[in-house]
Amino acid sequence: MRLLSPGPGSRAEKIAPTVWLVVNVRPAGTRALLAELASLGDVQALYDEARRRQQAGLLSAGVEVVPAARTVLFDHLDDAAAFAAELRTWAPGPSAPRAGTRVELPVVYDGPDLGAVAELWGIRPDEVGDAHASLDHEVAFIGFSPGFAYLTGLPDAWRVPRLDRPRPAVPAGSVGLADEFTGIYPRRSPGGWLLIGRCAVAMWDPERVPPSLLAPGDAVRFVAVRR
Amino acid sequence: MRGSLRVVRSGALTTVQDAGRRGVAHLGVPRAGALDRPAMELANRLVGNEPGAAVLETTLDGVGFVLDTDRRVAVTGAPAPVTIAARPVAFGLAVLARAGELVEVGRADAGVRSYVAVGGGLDVAVVLGSRSTDVLAGIGPEPLRAGASLPLGDVVGRVPAVDFVPYSPPAAALHLRCVLGPRADELTAASLELLASASWTVSPDSNRIGLRLQGPRLERARRRELASEGVVDGSIQVPPDGQPVLFLADHPTTGGYPVVAVVPEPDIWRCAQARPGTTVQFHPEAARSLAG
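Line by line, the protein sequences give chains A and B.
Mapped onto the numbering used here, the consecutive letters of the first sequence carry residue numbers 1 to 227.
Mapped onto the numbering used here, the consecutive letters of the second sequence carry residue numbers 1 to 292.
The following block holds chain B by itself, in its conformation from the complex (with noise of 0.2 Å):
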């Protein structure tokens, strides 16, 4: 049967996520996608579902829903409490959720993003490949809002391929590798010394397009301007104020400030968690050499 989830609070910024959009950068669109991809996934394998299905992305403060449906839930990444009608479930296992019961994600404990997956998916509309919401460019579902209807997917039945996947909260510092390039030659020697050395804060206007680092500033080698060029996800771009900014998934597909160094993929989901105020320290590496 069909099924479909009412929202009853939306919690701060709840979206629905997938793995994003590829193949559409030259459009001007931006990947999007779950910030935490292993957490998204993780929750989509603990109910049954594809590990690209569309699920609930929260931020700090939960969500609440009703389904019309009895489906397995399951919830990851940031570690909240979980209530099913009032009742507290496990956070990181696959629970039934019987239809009219409200399913309640409480405030996170550590980290931000907390990953919702119903069995069955989130079966909104298709846009560009993707079923998520890109909060830069304004494509797919808005944000959830409070009485808002979401279908659902047909269960597929497959057997969940786990069950409970031992969990580690977000470090207090996040260490971070980078390939220096495409443009590390626009810093100063000590800048990009002290990109190796020094560390930076979260700050707290992050979102989706990026983590906005407080730290020491960064200086440009030269003083000219660069034409607009494609940024890869992962990129770390120095503004004029010389403070970095972390490119996350719903980053703009190009721009014209240099980017020094960029954080390779596993690393990058873990930025999904970092709260204010966090400590980045970033461990550059040089780039395999591209010469012929």
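Chain A on its own, in the form it takes in the complex (with noise of 0.2 Å):
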């Protein structure tokens, strides 16, 4: 199943991309589905399509919405298969710029994975960081526990594995890579990631309105500090 929206115009415009593919539509038991997608930033224009919708009251506010790496969940439908047919004829918005916030993440570039990371870049280890701190970073979506933010803006040729024998526990803080991702864990938990740093900034923080610090679509530059 394709979806590809006709949006005219669009292609003469070669900045954004204002066509995405919905690559497949699979059931997730009777009131779920979860549409599949090409790319990350097919992932992030349907989702911002969704938000959109569910703002202009297109799109129940009922319906949960859960972007993820090549997949948006949502959870909630009254119709699944009627919605999966209205999923066809959505066109995106103008491409507008994403709604995130600006934030920055000031990190102790000291992890125990740096060495690692830098024999994968072809670096020195105190490269590292000044190499991560340069690029930018956008909040693709939230998941594996509350808070828990994926970002991009690793190039491709930066993508790095995760540990064979995952930490059975990671300090909270941690700033780690995996894949293509960067992610913060903002608590105490076992973890995979190679980790290259810390940052004191809580990612999560019930007290606080909304508790997680990013939401998708945040663009996030992280900043080089001493200990």
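Some clues are possibly wrong.
As the list claims (entries may be wrong) - Some chain A residues close to chain B (C-beta under 7 Å, calculated; not the full set):
1) ALA56
2) GLU64
3) THR71
4) ASP75
5) ILE142
6) GLY143
7) PHE148
8) SER212
Said to hold, decoys possible - Listing some non-contacts, in silico: residues in chain A with all C-beta distances to chain B over 12 Å:
9) GLY57
10) GLY115
11) TRP121
12) GLY122
13) ASP130
14) SER134
15) ASP136
16) PRO168
17) VAL225
18) ARG226
Hints in this document: simulated from the structure, not taken from any laboratory.
Keep in mind the model is a prediction, meaning the values are calculated, not measured.
All C-beta atoms, glycine included, are put in the ideal place defined by N, C-alpha and C.
Since each chain comes alone in its own frame, lean on the hints to assemble the complex.
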């Protein structure tokens, strides 16, 4: 199943991806479906469109929309089959900039996997921090645990594998890399990401409104600081 | 008058639960909420509360508490002996507990989780739209501890909608319908057949996050990494060891192992009462076509 928005004129503009492709729609029980997309950019475009429709009252606010790496989950649908058909008629809205806020996060780049990352990137361990902090990152989605943001921004050549054996306990605030993502552990938990540093800013604070510091669409810059 | 509930005996794991959190899964926040929602709603109706008012959810060995004001109390879910000031009272009925009397819910005769509603509901702080404790995410009030005090809401004064509802104890074997997908195609054909024909037993390390099942190993058709994706309540996830996990209220919002089928809502609630050793058999059906 393909979803190509006709979007007159959008082909001429090569700047922003205004056409997305739903590669497949998979059922997830009786009240949910998983839309598979070709790229993270398409996931973000579909997620933004779903949010826009919810704000405009075109999609029920009770529908739970959960973006991930290559999928968007739509849960609590009244009629999943009807929604799958409707999804095919969606055309992206005007290519507005993402609604996210800009966040700067100070990081001490002294993680235990700096050496491994440096080797993968072909640079010295003491260069990893500046290299990572030079990139523009964006929150793609939140998953794994409350407030755990999956940030994109690593160039393809800098993708890194997960640890073969996950650590049983990664300290809260650890900054890690896995695949195409950077993440900051909101709380102490097991984890298999390569750790390059630590950030003292609380990612998740139930007393704060909203409790998650980051939300999908936010732009993030890391700032290298000394301990 | 505003009242409070003082915990005398916490039980193995007693938490505050309501209908849970909606609309925050994109922040990584699980739904939480009562595992046996019909039992929670019934307890609330018995004491004249809104069906989604916050209640206590016990785990196997009940709870003991004292109120500082007279309130109606009802216990539903896993059947258990209930006493007020050492006098036996009926399970599944609204009874009056007077200020200072010890309300004691004993060990469940069957099932796992009893629900204790108090007139006015438990008025703990609302976090992200719910008063529920989430054991995975650490959101909401802490599990009960002896000596802790929980505020009660105001009695709304509605006449109870029901006085008594006959209760059927949990069956020895759990037959669960499930809808194939989203990743049923990750299983071998033989394992798909197993899903429909074999049975599993509920493992002792099951909890509010999921029922861990032991039995025949479900095999992947191919070895490949799936990117993390959103998962729904009732998802049957197959980790590398091939022993399925059925996700309950506190499940993580995304996961990287394939979900091969999803148990629909009326059937999920029955999982709340499945003790370790309970036999589980799935009855898969094909999903409605989503093709255009």
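Agreement of hint GLY143(A) with chain B interface, Cβ distance less than 7 Å: Holds, because the Cβ-Cβ distance from GLY143(A) to chain B comes to roughly 3 Å (cut-off 7 Å).
Cβ separation check - GLY122(A) to all of chain B, threshold 12 Å: Since the minimum Cβ distance to chain B is about 24 Å, GLY122(A) lies beyond 12 Å and the statement holds.
Hey, is ARG226(A) genuinely clear of chain B, shortest beta carbon separation above 12 Å? holds, 31 Å
Distance rule for GLY115(A), whose beta carbon must clear each one in chain B by more than 12 Å: Correct as stated: the minimum Cβ-Cβ distance to chain B is 25 Å, above 12 Å.
Hint validity - ASP75(A) Cβ closer than 7 Å to any chain B Cβ: Holds, because the Cβ-Cβ distance from ASP75(A) to chain B comes to roughly 5 Å (cut-off 7 Å).
Hey, is ASP136(A) genuinely clear of chain B, shortest beta carbon separation above 12 Å? holds, 22 Å
Tell me if the interface restraint on GLU64(A) is satisfied: Cβ within less than 7 Å of some Cβ in chain B. At 5 Å from the nearest chain B Cβ, GLU64(A) passes the 7 Å test, so the hint holds.
For the restraint on ALA56(A), tell me whether the closest CB of chain B is nearer than 7 Å. With a closest approach of 17 Å, the ALA56(A) hint is violated.
Please check whether THR71(A) passes as an interface residue: C-beta within 7 Å of a C-beta belonging to chain B. This interface hint holds because 4 Å falls under the 7 Å limit.
If I take the minimum Cβ distance from SER134(A) to any residue of chain B, is it greater than 12 Å? holds, 26 Å
Against chain B, does TRP121(A) hold up as non-interface, every C-beta pair farther apart than 12 Å? The claim holds: TRP121(A) sits with its nearest Cβ about 21 Å from chain B, beyond 12 Å.
Please verify that the nearest CB of chain B lies beyond 12 Å from PRO168(A)'s CB. About 16 Å separates PRO168(A) from the closest Cβ of chain B, which puts it past 12 Å; holds.
Going through the hint list in order, the structure does not satisfy hint 1, though it satisfies all others.
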